[in-house]
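There are 2 protein chains.
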Amino acid sequence: MKRALKKAVILLSGGLDSTTTLAIAKSRGFDCFALTFRYGQRHSIEQKSAKKIAKFFGGKQLVVDVNPAVFQHSALTDKSIKVPMGRKIDSSKIPVTYVPARNTLFLSYALALAESIGAFDIFIGVNSTDYSGYPDCRPEYIKAYEKMANLATAASVQKKGKYKIHTPIIKMTKSQIIKTGVKLGVNYSLTHSCYNPDKKGIACGKCDSCQLRLKGFAEAKLKDPVKYANK
Amino acid sequence: MKRALKKAVILLSGGLDSTTTLAIAKSRGFDCFALTFRYGQRHSIEQKSAKKIAKFFGGKQLVVDVNPAVFQHSALTDKSIKVPMGRKIDSSKIPVTYVPARNTLFLSYALALAESIGAFDIFIGVNSTDYSGYPDCRPEYIKAYEKMANLATAASVQKKGKYKIHTPIIKMTKSQIIKTGVKLGVNYSLTHSCYNPDKKGIACGKCDSCQLRLKGFAEAKLKDPVKYANK
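So the protein lines, in turn, are chains A and B.
Okay, so the first sequence: first residue is 0 according to numbering that gives the first Met the number 0, each after it adds one.
Okay, so the second sequence: first residue is 0 according to numbering that gives the first Met the number 0, each after it adds one.
These are computed hints drawn from the structure, not numbers from a lab.
Warning: the hint list may mix true and false statements.
Within a straight-line C-alpha distance of at most 20 Å, the following computed SDA-like cross-link-like pairs (lysine to any residue) qualify [stated by the list, open to error]:
| hint | chain 1 | residue 1 | chain 2 | residue 2 |
| --- | --- | --- | --- | --- |
| 1 | B | K6 | A | H72 |
| 2 | B | K163 | B | L150 |
| 3 | B | K59 | A | P67 |
| 4 | A | K159 | B | S91 |
| 5 | A | K142 | B | A143 |
| 6 | B | K142 | A | E139 |
| 7 | B | K158 | A | D89 |
| 8 | B | K142 | A | H72 |
| 9 | B | K146 | A | A143 |
| 10 | A | K92 | B | K158 |
| 11 | A | K159 | B | I93 |
| 12 | A | K92 | B | P83 |
Computed, partial: chain B to chain A, Cβ under 8 Å [to be verified]:
| hint | residue |
| --- | --- |
| 13 | L61 |
| 14 | F70 |
| 15 | Q71 |
| 16 | H72 |
| 17 | M84 |
| 18 | A100 |
| 19 | N102 |
| 20 | A111 |
| 21 | L112 |
| 22 | S115 |
| 23 | D135 |
| 24 | Y144 |
| 25 | A151 |
| 26 | V156 |
All residues carry an ideal CB built from backbone N, CA and C; glycine is no exception.
Excised from the complex, chain A in its bound form:
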């Protein structure tokens, strides 16, 4: 009899990091459930990418709506705040693209879904090397979340298992992430990273997210397959 694969929940935005994280989870033998959020984000085009990616990896996907009223004063959700373009990224300062407690809310959905489906493994594509300085991408935050999760849930308290928040790319540079993904067969043309795409979904090439992505492809000596404006 074939042994059932272990289930895992993977936060999938449709960007480069979460897609690589999904590929890593698959490569580790997990039966992957992708979890994607609609929260009134400026770059809602990323949801289309997430859908294609989930399909590409043959996995299940749940798309959840989050009331944007809880995500205020961020350039990603409030169109009156400009996305910084062409700035020198300083990850010691938290930029205006920070979304209040976003990873905490997303991980909490993942935790509830994991307990619902009998999974103990949650994957999140946070990165604290080539990143914008968001506090909820740091290892100490993830560790504290994991500790809380194991006190929160019936399945852990009843010792059916221990929740693990996997952060396989947290210490990688962007070029290492891309090289890892390429090895695992990721089709990066399906991904979307730009915070400020035009109406057709074409990436700006200048926001933090585009800059980090382009730097990563350059360092990996690979061509980014997505289109950029004015290129």
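Assemble chain B onto chain A, guided by the hints.
This is chain B only, laid out in the frame that chain A set:
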């Protein structure tokens, strides 16, 4: 010039515990924002109570929809699972009315809303004395959540403030909670506690939640103003 009140977010289900918690937050001088969830709960009638209670206390209220796909295998969300009726409550065992990671998800919405509106105080009406044995009602869980919250958020990392999860009724007996609420002017006829109300919203009197409530009113030597079936 009148000094602005400190803002707080209060999780408000419409039950006895969360209503008393709201009254306590008001009495401590907070400008209260109530946060209520629709998650496909069997006792959705509690939302009507929450609305009336939020209005009664003159506060603001946000009602958020949570996709019930993340809350599986609970008697509160899955109508094929029976709500235990007339059982002897044993809080050392987690009952089938437990909802996966519910307080974690609700607190995470509260945290995001708090950061969005510039609040650092979150109130939750968890109780670990007269309770059903849910892991996410225990002091050690709340402490771990608070620690995580202060690592997660820009406002805390930037030292604008420290998030505090207030649990004013966590150590009270149900009768102490009721007596406290009565002193603070709570109109308990507005509240709804029953997990298994009939179609008219009349409480069953036999589920854990009704039992704990009735015991509390009896010990407080007060009459519960809500209607019960067969009484």
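Here's how the hints hold up against the structure:
| no. | hint | result |
| --- | --- | --- |
| 1 | B/K6 - A/H72 | holds, 17 Å |
| 2 | B/K163 - B/L150 | holds, 12 Å |
| 3 | B/K59 - A/P67 | holds, 17 Å |
| 4 | A/K159 - B/S91 | holds, 16 Å |
| 5 | A/K142 - B/A143 | holds, 11 Å |
| 6 | B/K142 - A/E139 | holds, 16 Å |
| 7 | B/K158 - A/D89 | holds, 18 Å |
| 8 | B/K142 - A/H72 | violated, 28 Å |
| 9 | B/K146 - A/A143 | holds, 7 Å |
| 10 | A/K92 - B/K158 | holds, 13 Å |
| 11 | A/K159 - B/I93 | holds, 13 Å |
| 12 | A/K92 - B/P83 | violated, 52 Å |
| 13 | L61 | holds, 6 Å |
| 14 | F70 | holds, 6 Å |
| 15 | Q71 | holds, 4 Å |
| 16 | H72 | holds, 6 Å |
| 17 | M84 | violated, 21 Å |
| 18 | A100 | holds, 4 Å |
| 19 | N102 | holds, 7 Å |
| 20 | A111 | holds, 4 Å |
| 21 | L112 | holds, 4 Å |
| 22 | S115 | holds, 4 Å |
| 23 | D135 | holds, 5 Å |
| 24 | Y144 | holds, 5 Å |
| 25 | A151 | holds, 5 Å |
| 26 | V156 | holds, 4 Å |
Of the hints listed earlier, those the structure fails to meet are numbers 8, 12 and 17, in rising order.
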